[in-house]
Every structure is written in C-alpha cells, then in structure tokens.
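Use these hints to put chains B, C and D onto chain A, whose structure you have.
Protein chains: 4
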Amino acid sequence: MEYECTLRVRTYECDVYGHVNNAVYLNYLEYARGEYLKSIGFPYLTAVDGGYGLYVARIAIDYKSPAFPEDELRIVTRVLKKGAVSGTLGQTIHRGSDVVVQAEVTWAFVDSKGAPTRIPKEWDLPGLKP
Amino acid sequence: MEYECTLRVRTYECDVYGHVNNAVYLNYLEYARGEYLKSIGFPYLTAVDGGYGLYVARIAIDYKSPAFPEDELRIVTRVLKKGAVSGTLGQTIHRGSDVVVQAEVTWAFVDSKGAPTRIPKEWDLPGLKP
Amino acid sequence: MEYECTLRVRTYECDVYGHVNNAVYLNYLEYARGEYLKSIGFPYLTAVDGGYGLYVARIAIDYKSPAFPEDELRIVTRVLKKGAVSGTLGQTIHRGSDVVVQAEVTWAFVDSKGAPTRIPKEWDLPGLKP
Amino acid sequence: MEYECTLRVRTYECDVYGHVNNAVYLNYLEYARGEYLKSIGFPYLTAVDGGYGLYVARIAIDYKSPAFPEDELRIVTRVLKKGAVSGTLGQTIHRGSDVVVQAEVTWAFVDSKGAPTRIPKEWDLPGLKP
Numbered sequence: 003m004e005y006e007c008t009l010r011v012r013t014y015e016c017d018v019y020g021h022v023n024n025a026v027y028l029n030y031l032e033y034a035r036g037e038y039l040k041s042i043g044f045p046y047l048t049a050v051d052g053g054y055g056l057y058v059a060r061i062a063i064d065y066k067s068p069a070f071p072e073d074e075l076r077i078v079t080r081v082l083k084k085g086a087v088s089g090t091l092g093q094t095i096h097r098g099s100d101v102v103v104q105a106e107v108t109w110a111f112v113d114s115k116g117a118p119t120r121i122p123k124e125w126d127l128p129g130l131k132p
Numbered sequence: 003m004e005y006e007c008t009l010r011v012r013t014y015e016c017d018v019y020g021h022v023n024n025a026v027y028l029n030y031l032e033y034a035r036g037e038y039l040k041s042i043g044f045p046y047l048t049a050v051d052g053g054y055g056l057y058v059a060r061i062a063i064d065y066k067s068p069a070f071p072e073d074e075l076r077i078v079t080r081v082l083k084k085g086a087v088s089g090t091l092g093q094t095i096h097r098g099s100d101v102v103v104q105a106e107v108t109w110a111f112v113d114s115k116g117a118p119t120r121i122p123k124e125w126d127l128p129g130l131k132p
Numbered sequence: 003m004e005y006e007c008t009l010r011v012r013t014y015e016c017d018v019y020g021h022v023n024n025a026v027y028l029n030y031l032e033y034a035r036g037e038y039l040k041s042i043g044f045p046y047l048t049a050v051d052g053g054y055g056l057y058v059a060r061i062a063i064d065y066k067s068p069a070f071p072e073d074e075l076r077i078v079t080r081v082l083k084k085g086a087v088s089g090t091l092g093q094t095i096h097r098g099s100d101v102v103v104q105a106e107v108t109w110a111f112v113d114s115k116g117a118p119t120r121i122p123k124e125w126d127l128p129g130l131k132p
Numbered sequence: 003m004e005y006e007c008t009l010r011v012r013t014y015e016c017d018v019y020g021h022v023n024n025a026v027y028l029n030y031l032e033y034a035r036g037e038y039l040k041s042i043g044f045p046y047l048t049a050v051d052g053g054y055g056l057y058v059a060r061i062a063i064d065y066k067s068p069a070f071p072e073d074e075l076r077i078v079t080r081v082l083k084k085g086a087v088s089g090t091l092g093q094t095i096h097r098g099s100d101v102v103v104q105a106e107v108t109w110a111f112v113d114s115k116g117a118p119t120r121i122p123k124e125w126d127l128p129g130l131k132p
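Chains as they are written, first to last, in my numbering: chain A, 3 to 132; chain B, 3 to 132; chain C, 3 to 132; chain D, 3 to 132.
Bound conformation, chain A alone:
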C-alpha cells in the first residue's frame, strides 16, 4: 500500500541558493506522515491526549535533485517494517518523473515519559503494517 499527498513549494521555503532548504524537506515528510496516519484512521490526537506519542527515532534522507519555488511535489509514504513498538516508513518526494528526496523514517510508539511502549491493541491498525 502507498499513501500519497501533494504540495506546492512556497517561496519562503527556499534558501539563498534558490532551492528548497534541506531542513524543509523534513517538514514536508512530517506533513505527509500526518496525512498517512489520517488516511489509515490512526487516532493521533486521541493518542497524544492520552499521553502517548509517535516519536521519530531516526531519519535517513538522500537529496537526489533540488526543488524550486512553485514546484508541484508528490510525496509517497510506504510501510517498510513494523514491530511491536516501532516501525519504518519509506518516503519519497517526486516532481513529475524526478525523485527529489528519498527517506527512511524509523518511529517508536512512546508513553508519557517518552519510553518506547507496545501500541495498545485498538490502535494497532492494519495500515501500520507493510
């Protein structure tokens, strides 16, 4: 399963080199993970209100080709791995047929103290699995 969303690059997201700043892609990927969680029905705000969270433990990101103001980007999120307390997503940002950025994001489900913890059964949804 693949989850897609799109966005258009805004001028203020670009730096002195005229292209999207490296850090901004992490914002884009965070946005896309939020859209993915919504589309699989994961009750993120309920989890946060309950003191839980999805902690990002690691991001490995390859910058393949720069993006520019007004570019229409398509972000594809795929589940690569899923364990009892954590998982890995693959996220790719495309512009037309170009790959702009390719990333692997490892997350962990954490309790109110930030310690990794098993996802409660009712939130362990099919969409979290590959």
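The hints are all genuine.
Among chain B residues calculated to face chain A with C-beta under 7 angstroms, some are: (1) TYR14; (2) CYS16; (3) VAL18; (4) GLY20; (5) ASN23.
It should be emphasised that the hints constitute simulated quantities derived from the structure, not laboratory data. By construction, the Cβ of each residue, glycine as well, lies at the ideal position given by its N, Cα and C atoms.
Showing chains B, C and D alone in chain A's frame:
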C-alpha cells in the same frame, strides 16, 4: 530603560533574495522580548504554568534595510506604554549604525481562556513600565 | 476586487502554545501576495530577472484569534492604495466566520540597488490599482 | 580534530510538543558546518561566487533525547571520510552529558551545473581530511 541582546544571522534564515526573510525578523523580536522579560525578572514560565500568557495583539514593523548572512545584529527593546492589562514595546534591530528594522509590539496579559485580564500584583514588575 | 487563496495549517507551523506562531502568518501573507500577483498577471519572475523587485516596506498585523493545526484558512488580499512607486494591500486571514489576522502591507517597487523606482509602464497593470 | 560551536534553543524553534522540532536540528547542523568551514579557512563564499558549491547528498540523523527552550547545546563536527569529490562528517549535538542528536552528513563538491567535481587544489585544505 533599554534592554539589549545580540544575535548573528544564520544562512538558513535568509531567502532566495539572499537576505533575512521578512517573517524571520518576528522570530528575532520574539527572542529579544524573551530576553527582556528575563532581564526584568518576569516569571514567564510560572505565568504560563499558571494558565496565564502574554498575548501579542499587534505588531507594526518597518523594514529599513536588509540583513545578510553573518550580520551581527543588536536588538534594543524599550517600554513605550503600560496599562492595566496591556502595553506597547518599541523594538529596533541595528547592524552597526544602520537600522535594519523598527517595530512596535502591543501585548496583552491574558487568562487561560485568552481573555485580557489584569496582571496579578506580584508580577506587575517595575520593568514592565516605561 | 478581492483575491482569495486558501491553505491548511500544518503541525510544524505551530509553536509550544499549540497555535500558529506569530511569524508564520507573515509567511502565509507572503504566499497570498504571490498568488495575488499571479492572478493579476504580474510577471514577477521576469521583474526579478530584470533586476527589479517588490520590496515590503511595512507590515502592520493585528492578531485577532489563534489558528490551530488542520485549520482551513482563507486569505483575502485587497488593494487599498496605489502610487507611482508604491502601494498598500489589505490582507485578512479568515477561518470560517472568524477573523484570525488582519494586516496592512506597504510595498515599494525597487531597482537593482534597492532604491524605490517608478514601475515600468508595461508592468503597471490594472490589478495593482484599487 | 573536532570543531565545536554552541547555541541556545529559542522558543520559536520548538513545536506543539514543547521540544525542538525534528527539522530544526538540520538547521543547527547546517550552522555548525558553516562554523567548521570557517574555522578550517575554507573560502565558502569565494567558492559559491565561482559557481561551485558543497551539496549535501545525504543526512542520517538519530534523535536520542529531546531538547527544550533555553537549552544550551554544543555541536561537535568531525571529519569521518574524505574522497576526491566528496566526504562524510559526523555531527553530534550535546546538552551537558546528554547526546541530543547524532548525525552523519555526506557532502559532494559540485560545479555550477550541480555535477560532482574534483575540489580545486587550492581549496583542498587539510581541515577537510580526517
């Protein structure tokens, strides 16, 4: 009384035109207001934990001259007015003898519902007055 | 004439208070001005390539009501004034029937040295006038 | 050899969870790489003016422990590898004895078309090597 702090422009704060993005100056001014509150002994975190807040109601900002990566900026914060529930600060960003930005910031003390409210006596410090 | 665009608040645009950071609204307004310029046919990139620019000289912004993650915002841009080298826009950010932010933005047309200069006739489009 | 710089977390760099947003650490690391290049005497602006650039090809970042407003952070940059056209840096962000973030950053020297190219001899400084 004037309250001063300094900072150096970082590359990622600059936009495609090579100078500090207009919105970033509001971050700088927020930082300087935080330094001002610390220097007058205002217990900001205690107020926030108590459900109060300093809400920014209005900012009028004049962009006088652009700032560039590595520029050393000096931010001067002055109290212009102070009423029972609100006040106005003047904030100026300097680079050497140049004025980069001049701003007037109106704040209000608010309760947990965001409604303007009288500042409790123990927090109504001399440094809040002109 | 009014020019409208919309956007949805992203989580990373919100600060520790849970609402959109004051500086981020300036990004939103910049985005909306870009959309306005496109809709009136102003050749912004041609102007920039030709060494010209639209410099923002002043922004006065009133924060009326906070915005939160996922809020759908509507930004309305209106021309208030237009002179030979500068002008003033009114920009309002709405969420449903609430006003989130109200702003007045003064711009100047500048040459390659950043000095205010008369807009060349072919770019002095009807949409720049009230 | 290790290159160090320090910074203090500003409120607006923190997100709704009260800690530094994941993307902001990439800004911090970019800042620290700039300080490192200055300290080894690399003529970065001359290189950029000459049409060259240091392109970040890959970042792998491990989030070890969250950082909060006012935290004093120390960023250590080390050279791990150096080839003819590219290299790898190790960057660690510390708060006291805690590790906040650990990263590996792969860069490539590129020409005006963005193609990896051999670093001109006069810029191939000792500080670029492990």
